Amino acid sequence: MSTRYEQVVAAIKRQLQTGQIKPGGKLPSIRETAVCYACGKNTAIRAMQELECHFRSNNLKFFYTVPRYHNPLGTSLSQEQKRKIARLAEKYDVYVVEDDYLADMEIKRKEDPLYSFDSSGHTVYLKSFSKIMLPGLRLATAVLPEALLETFRLFKASCDSSTATMSQAALEIYLSCGMYDRHAAHVRHIYHERMRALRQACERYLPESCGYSVSESGIFLHVTFPADFPLDDLVHSLKQQKILVTPSERCFLRTFPRVNGIRLSIIRTDETQIVRGIRLIAEGVHALLQKQALRQERVIDWI
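Numbering of the sequence shown is given in my numbering, commencing with residue 207 and proceeding in unit increments.
FYI, nobody ran anything at the bench for these hints, they're computed from the structure.
Computed beta-carbon distance windows for the label pairs:
{"hint": "1", "residue 1": "384", "residue 2": "313", "range": "11 to 21 angstroms"}
{"hint": "2", "residue 1": "318", "residue 2": "353", "range": "18 to 28 angstroms"}
{"hint": "3", "residue 1": "406", "residue 2": "285", "range": "23 to 33 angstroms"}
{"hint": "4", "residue 1": "456", "residue 2": "347", "range": "22 to 32 angstroms"}
In silico BS3-like cross-links for lysine-lysine, where the CA-CA straight-line distance does not exceed 25 angstroms:
{"hint": "5", "residue 1": "316", "residue 2": "337"}
{"hint": "6", "residue 1": "333", "residue 2": "314"}
{"hint": "7", "residue 1": "448", "residue 2": "497"}
{"hint": "8", "residue 1": "497", "residue 2": "445"}
{"hint": "9", "residue 1": "337", "residue 2": "314"}
{"hint": "10", "residue 1": "267", "residue 2": "297"}
{"hint": "11", "residue 1": "333", "residue 2": "267"}
{"hint": "12", "residue 1": "267", "residue 2": "362"}
{"hint": "13", "residue 1": "362", "residue 2": "333"}
{"hint": "14", "residue 1": "333", "residue 2": "316"}
{"hint": "15", "residue 1": "337", "residue 2": "362"}
Just so we're clear, the structure is a prediction, and the values are computed from it rather than from any experiment. We put the CB at the ideal spot given by N, CA and C, even for glycine.
Use the sequences and the hints to build the structure in full.
Printed below as a string of structure tokens:
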């Protein structure tokens with residue numbers, strides 16, 4: 207079984223390589239790492255040192271990150287973490303691709319994107335309109351360093367020649383008349399309330415052996431369990447009760463260390479369903495933990 211230090215390093219590397227760093231490239235402060243991963247400061251220091259060494263010594267073409275409400279972790283980068291990433295990008299001459307597709311769900315007005323901390327032209331900022339307006343719209347915006355503009359235009363033209371004019375016109379009207387802002391505010395309120403219900407349900411029902419950190423908004427939550435917890439049994443039991451969860455290992459490459467956890471999504475739920483779902487998850491966890499304890503009690507050591 208891996209040590210806590212190795213688990214933290216592996217988790218942060220996953221965020222680096224999958225674009226979450228929750229995340230997650232994010233290089234969190236020592237204090238934030240310790241809090242986020244429920245580990246001591248010495249463990250966080252060791253993990254951060256190895257992470258920067260990895261960042262410095264590898265020939266990276268670019269560094270992909272989801273700065274807020276990461277999938278599957280549900281975590282967000284702090285302002286200090288964004289500053290550190292911007293400084294590292296400049297220091298090691300690495301481009302950062304910031305996929306801020308849930309930016310409109312942010313409830314804190316001062317939570318600026320990583321792009322705002324980039325003074326050296328190393329950040330490609332991406333933002334989607336689909337999550338708030340209409341998934342079928344398939345419209346997004348890209349803010350690029352000047353050095354990449356011509357190359358981007360060529361590749362964009364080779365993919366689809368041009369973006370649908372009607373979709374762009376519809377979005378322009380939606381933006382200019384204020385409907386987009388009003389709808390975005392409505393969506394932020396809905397998901398803020400859902401996450402609040404999720405946090406309260408987790409605090410009320412989940413056992414202490416479960417690890418989780420609920421954001422103030424977003425659509426995902428990552429729940430972890432002890433390394434020897436029979437996760438497959440829990441997933442199967444929940445499915446029979448029409449509670450669908452995603453094992454964490456499905457969200458990462460097979461070469462990554464296994465994380466014994468599940469991803470929860472609240473995008474198709476309401477507050478009542480959230481509370482019921484967490485209660486059933488907790489009941490399943492308690493039942494399996496009791497079964498584990500009973501098996502251990504029955505073991506007879508003849509040695």
